[in-house]
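**Q** Sequence:
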Amino acid sequence: MPSITAHHLPKQCQVIIRRVWAHNVEEELALIAGAMHRYPIISIDTEFPGVIFHSDKHYSTLTVSERYSVMKLNVDALNLIQLNFILSDPSGNLPDLGSGGILLFAWEFNFNNFNLDFDLHSPDSIKLLRSSGVDFERNRLEGIDSHWFACLLVNYGIVGAGYNVNWVTFHGAYDFAYLIKILIGGNSLPDSVETFFELVKAFFGDAWWDVKHIMKYCDTLYGGLETVGAALNVQSPDGFGLLA
Numbered sequence: 001m002p003s004i005t006a007h008h009l010p011k012q013c014q015v016i017i018r019r020v021w022a023h024n025v026e027e028e029l030a031l032i033a034g035a036m037h038r039y040p041i042i043s044i045d046t047e048f049p050g051v052i053f054h055s056d057k058h059y060s061t062l063t064v065s066e067r068y069s070v071m072k073l074n075v076d077a078l079n080l081i082q083l084n085f086i087l088s089d090p091s092g093n094l095p096d097l098g099s100g101g102i103l104l105f106a107w108e109f110n111f112n113n114f115n116l117d118f119d120l121h122s123p124d125s126i127k128l129l130r131s132s133g134v135d136f137e138r139n140r141l142e143g144i145d146s147h148w149f150a151c152l153l154v155n156y157g158i159v160g161a162g163y164n165v166n167w168v169t170f171h172g173a174y175d176f177a178y179l180i181k182i183l184i185g186g187n188s189l190p191d192s193v194e195t196f197f198e199l200v201k202a203f204f205g206d207a208w209w210d211v212k213h214i215m216k217y218c219d220t221l222y223g224g225l226e227t228v229g230a231a232l233n234v235q236s237p238d239g240f241g242l243l244a
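Following my numbering, the numbering of the sequence shown begins with 1 at its first residue and continues without gaps.
Note that these hints are calculated values from the structure, not bench results.
Among the hints, erroneous ones may be present.
[To be verified] Beta-carbon label-pair distances, calculated as ranges: (1) Asp119 <-> Ala30: 27 to 33 Å; (2) Glu66 <-> Ile102: 46 to 52 Å; (3) Glu66 <-> Ser99: 47 to 53 Å; (4) Arg19 <-> Asp96: 15 to 21 Å.
The structure displayed is predicted, hence computed values, not measured ones.
Glycine included, C-beta positions come from ideal geometry on N, C-alpha and C.
Whenever a hint applies, use it, and build me the whole structure from the sequences.
**A** This is the structure:
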């Protein structure tokens, strides 16, 4: 993975989150596809209705296959609510989309496949999402159909096209799992973790990185994403909310 220089955003810069719904999804994906060659590092984060199935055993004692089985139970039963994309170059710069560096942009995709009244969910997770600004009713009425979105990701060459893109997550197994679910038509995830990783490779290539895993090899880094950002002196722009 190319090294990314920690830096402060210039004071005059403003980061704009481009909120994407069914009516503007194609326009926004076209912008992303056009920017990928210059900003080939894509950080992703998904929002979903929590975790409702757990193993009887302590998580630390589970094998990789057992952890995958628990994740599969949850992802198969639940629906994606939101997906966040941040594009950057190896120096950590975000796209300015022709603003001359005054405005920088990230993307928030909102989906309509989750119905709070009928679908399984964790109440604590729903409370957290609400406090972070997720409008479940607007998602239901104006959100993107996730299966259509998956087709657009492929059609615009954002996934599965062999581009030299680095995909970055933080504790990202569920992020990739929900994306794989929609990319295979909303069907159940594969039974084996080996087949799951084959699908990840097919859609996202070989360059995908989990910062939480990398932290294991860094003696001074621990905790959640905000703690790590503070330790590395990486600025989180105002207004990022769940993207931070």
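**Q** Could you see if the CB distance from Glu66 to Ile102 stays within 46 to 52 Å?
**A** Taking Cβ atoms as reference, Glu66 and Ile102 lie about 50 Å apart, which means the hint holds.
**Q** Within 15 to 21 Å or not, the Cβ separation of Arg19 and Asp96?
**A** Holds: the Cβ-Cβ distance is about 18 Å, inside 15 to 21 Å.
**Q** Is 27 to 33 Å a correct range for the gap between the Cβ atoms of Asp119 and Ala30?
**A** 31 Å, holds
**Q** Do the beta carbons of Glu66 and Ser99 sit within 47 to 53 Å of each other?
**A** Cβ of Glu66 to Cβ of Ser99: about 48 Å, so the range 47 to 53 Å holds.
Violated hints for the displayed structure: none, as all numbered hints are satisfied.
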